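Based on these hints, arrange chain H on the given structure of chain G.
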Amino acid sequence: MAQSRNLKPFYIGLALIAIGGLAAIWMARSSNAARTAAREVDPVPVSAAGFEGWVIGSDSAPVEIVEYADFECGACAHFSVLTGPDIKSRLVASGRVRWRFRDFPLPGHANSPLAHHAAACAGEQGKFWDMMDRIFYNQSRWVRDRRPDRRIKEYAEAVGLDMGQYGDCMDEQRYVGQIEASRQEGIAVGIGSTPSFVIGGLLVVGSLPYDSVVSLVERAERAAEQ
Amino acid sequence: MVIAVLALIGLLLALYLWLWKIGVLGALACFDEGCETVQLSEHAQFLGIPVAFLGVLAYLALLALSLVGIQPRWVDRWEPSAGLAAVSAVGVAYSAYLTYLEAEVIHAWCQWCVVSAVLITLIFAVALGGLVSLRRAQRP
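So the sequence lines, in the order shown, correspond to chains G and H.
In this note's numbering, each number is its position in the first sequence, counted from 1, plus 670.
In this note's numbering, each number is its position in the second sequence, counted from 1, plus 555.
The shape of chain G in the complex, shown without the other chains (with noise of 0.2 Å):
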């Protein structure tokens, strides 16, 4: 028979562990939100002469996020898989909002300026968006691969691209200036690491949520009504 315990003193161990772990999830998202924490900047230098970066929506939209991107860059994956939909289905489609995509590649890593140099030549068909989407789905395959350009290769078909275009426009290497003029304008803007935004006036640092930028943009709105 069994012997009866008391197991009052456990319980009450097991809920301080509860309450420890499920505060520092709650420190994490709100050391997270310090350090997208947002700081006034200059408003962005976009030359009429140079590139403008890759743009969706609306030339009316009240609003413009320019986000700042490494394709090899994790959070920036996340950003483009979790949130980059309702950006465009929900703040894009009902023109609240344009998106100015930015190349920004890091300079550790190796294969990124591969992947912007296809993108911009996927935009040269405009098929920039559709294949800025591939890379960051399929950012974990083409990353480590032994053959990036290979895979690279097999998302512009994907994208219906014109392969003969697309292989001249590689070959040619059209578009390493403007990738190189995005980077330094991004750095003339201050940014640092990526992906960073800037949504009226504010330029805010890490993958956001939905709900961060619709405020974000909220914000910006009240702005533009003043």
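Accuracy of the hints is not assured; some may be wrong.
To be verified - Derived coverage of chain G by chain H (criterion: at least 3 residues anywhere in the stretch with Cβ under 8 Å from a Cβ of chain H; other residues may be distant):
no., segment
1, 685 to 693
2, 742 to 753
3, 805 to 814
Unchecked claim - Pairwise CB distance ranges (calculated):
no., chain 1, residue 1, chain 2, residue 2, range
4, H, V660, G, I682, 41 to 49 Å
5, G, I689, H, A584, 15 to 23 Å
6, H, E597, G, P679, 44 to 52 Å
7, G, D841, H, V673, 42 to 50 Å
8, H, V660, G, S730, 40 to 48 Å
Since the hints were made in silico from the structure, they are not lab data.
Values in this document were obtained by computation on a predicted structure and should not be read as measured data.
Glycine is no exception: its CB is placed at the ideal position from the N, C-alpha and C atoms.
Just chain H, lined up with the frame of chain G:
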């Protein structure tokens, strides 16, 4: 009791990964980008369900079973221990598969996934040990 503590830690870990997966947390605390690479890979889903969420369910089941197993009316019965061993065996097998994927397919390591693999293996070992000692004790 040991299993309850391990299962609770595993539950918190799986909850953390799942909350990140559904976008509640902005960035994963990780030594490098390996965690995000693994969590964003196609292998982080099973039949369309995030593996982290399956982890939450599995650890919840283990926690519930372990709490049942320490109640006076169940403490001498083999069913809770058998249930713990069965659930954790599935967990060990799946964790081994995921660890293989990290090493050979994804080529990135998610430290939290490794910790979870260690936890589930410990739970399995303790559950198996409990089952064996219970059967020995019940032999005439």
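Tested hints:
no., hint, result
1, 685 to 693, "holds (count 4)"
2, 742 to 753, "holds (count 8)"
3, 805 to 814, "holds (count 5)"
4, H:V660 - G:I682: 41 to 49 Å, "43 Å, holds"
5, G:I689 - H:A584: 15 to 23 Å, "19 Å, holds"
6, H:E597 - G:P679: 44 to 52 Å, "45 Å, holds"
7, G:D841 - H:V673: 42 to 50 Å, "49 Å, holds"
8, H:V660 - G:S730: 40 to 48 Å, "46 Å, holds"
Violated hints for the displayed structure: none, as all numbered hints are satisfied.
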